[in-house]
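Engineer: Use the sequences and the hints to build the structure in full.
Protein sequence lines, in the order shown, are assigned to chains X and Z. Here the first sequence is numbered in my numbering, starting from -2 and rising by one per residue. Here the second sequence is numbered in my numbering, starting from -2 and rising by one per residue.
Some clues are possibly wrong.
[Stated by the list, open to error] Footprint (simulated), chain X over chain Z, 3 or more residues, beta carbon under 8 Å: (1) 37 to 47; (2) 97 to 109; (3) 117 to 128.
[Unchecked claim] Here are some chain Z residues the structure puts well away from chain X; computed CB gaps all over 10 Å: (4) T53; (5) Q68; (6) Q81; (7) T112; (8) D135; (9) R157; (10) A159.
[As the list claims (entries may be wrong)] Examples of chain Z residues lying across from chain X (beta carbon under 8 Å, computed): (11) S66; (12) I139; (13) L153; (14) R155; (15) V156; (16) R158; (17) A160; (18) D162.
For the record, the hints were derived by calculation from the structure and aren't laboratory data. We put the beta carbon where it would ideally sit given N, CA and C, even for glycine.
Number of protein chains: 2
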Amino acid sequence: MPSHHPLPFDPIDRAAKLWQDRIGPAATMAAVTNIMRVQQILQSSVDAALRPHGLTFARYEALVLLVFSRQGSLPMNVMGQRLQLHPTSVTNIVDRLQADHLVERNSHPTDRRTTLVTITEAGRQRQKVATVALTDIDFGLIGLDDTQTAQLTALLTRVRRAAGDFTDPS
Amino acid sequence: MPSHHPLPFDPIDRAAKLWQDRIGPAATMAAVTNIMRVQQILQSSVDAALRPHGLTFARYEALVLLVFSRQGSLPMNVMGQRLQLHPTSVTNIVDRLQADHLVERNSHPTDRRTTLVTITEAGRQRQKVATVALTDIDFGLIGLDDTQTAQLTALLTRVRRAAGDFTDPS
DNA sequence: GCTAACTGGTTGGACGTCCTACTATTGGGA
DNA sequence: TCCCAATAGTAGGACGTCCAACCAGTTAGC
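Structural biologist: Take a look at the structure:
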């Protein structure tokens, strides 16, 4: 169970209201704090579902990426690009997955700089049961029907695009 | 400048597409990862704007809360409730603000368990300039017009409500 | 060929978040 | 009155994220 204390009202929204008179883009502020807060809710909800399986969302995403990769292995830098993570975060995550024997580190055949991360059979199994756990809680995203979920995705994708998150491969 | 590496395509969406055939609520998964990602973008954008002023978003929010409080001081547990933070997170944040002389810790007049956090004059000044820095970047939330921003807020509010985030004081 | 710039990855440190466990204080009920 | 549950805050640790700095290997330019 996530440990968000219930709120009698939204303090940040209240702050935003106060700003409206003296500063400016309160609507934007409200959206920002909503995103921050919903992310926090989802994170703790998802992590709680994964904890019994010894995973976090970050490590789970890495496992998913490897499971769906053609060879079951990827260079670390590619993992960083796909998951949008700093190289040091990849190192951190792979360290922990490796300590759990869910992935292995292999050397690249031609480029001796790169490290290939390969998922193990145990890793595949773990990803499978973790996915079941996640689908059981519907990924922690509740309160929206299919149409609204699609709307939300569309809006957020727009933001990501505006932020230059995915540069189209032109 | 945030350090997200540009993406040629959305890997998680791709993974979600793969799941669609074999697992199920891929749309939900896509929305979840989008929220996670947008939060990350906003966080790093906002933190980058605050870094020159020696603040993070978490500490900034705490300052705002104190500035808008009637007495300029609040008990730590109240701060935790308003900011939706774990008690230990409040301790952490107040520690750092105090080290920067932006807040002070005072003892409560009647309840010796509670600690009153009081904003200093330096804290008020810092909050002011930090707010200017933040409004200058429009909180990093771009790519949406007013209508879309309102839509986004409405959708996220629905999620928060479903998660029991604000328990209406009925 | 040789040097300089670039790329892949790691280390160490800062920060925020949470959890578990603990101390101090308060307040309600036997 | 006294004891015990609830509350306020902190300490220590785990985790993920980032940055700065660094080393090893690779590639391009001269």
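Engineer: Each hint should be assessed against the structure and marked as holding or not.
Structural biologist: The hints, checked one at a time:
1. Proximity of the stretch 37 to 47 of chain Z to chain X, defined as three or more residues with a beta carbon under 8 Å from a beta carbon of that chain, is established by the 6 residues found.
2. Residue count for the stretch 97 to 109 of chain Z with a Cβ under 8 Å from a Cβ of chain X: 0. That is fewer than the three needed, and the coverage hint is violated.
3. Note: the stretch 117 to 128 of chain Z has 1 residues with beta-carbon separation from chain X under 8 Å; the three-residue rule is not met and the coverage is violated.
4. No Cβ of chain X comes within 10 Å of the Cβ of Z:T53; the nearest lies about 12 Å off, and the non-interface call holds.
5. The non-interface label for Z:Q68 is consistent with chain X: the shortest C-beta to C-beta separation is roughly 16 Å, beyond 10 Å.
6. Once the 10 Å rule is applied to beta carbons, Z:Q81 is inconsistent with being away from chain X; the minimum gap is 6 Å.
7. Separation of Z:T112 from chain X is adequate, the least Cβ-Cβ distance of about 18 Å exceeding the 10 Å criterion.
8. Under the 10 Å C-beta cut-off, the non-interface status given to Z:D135 relative to chain X is violated; the minimum distance is some 6 Å.
9. In this structure Z:R157 is not separated from chain X by more than 10 Å, as the shortest Cβ-Cβ distance comes to only about 6 Å.
10. Some Cβ of chain X comes within 10 Å of the Cβ of Z:A159; the nearest lies about 3 Å off, and the non-interface call is violated.
11. Taking 8 Å as the C-beta contact cut-off toward chain X, the hint placing Z:S66 at the interface is violated, the least distance being around 10 Å.
12. Restraint check, Z:I139 versus chain X: the minimum CB separation of about 5 Å is within 8 Å; hint holds.
13. A hinted interface residue such as Z:L153 counts as satisfied when its beta carbon comes closer than 8 Å to some beta carbon of chain X; here the least separation is about 4 Å, so the hint holds.
14. With its C-beta approaching chain X no nearer than about 5 Å, Z:R155 sits inside the 8 Å limit, and its interface hint holds.
15. Evaluation of the Z:V156 hint against chain X yields a held restraint, the C-beta minimum of about 5 Å falling below 8 Å.
16. This hint holds: Z:R158 has a C-beta 6 Å from the nearest C-beta of chain X, less than the 8 Å allowed.
17. Restraint check, Z:A160 versus chain X: the minimum CB separation of about 5 Å is within 8 Å; hint holds.
18. Because the closest C-beta pair between Z:D162 and chain X is about 6 Å apart, less than 8 Å, the hint holds.
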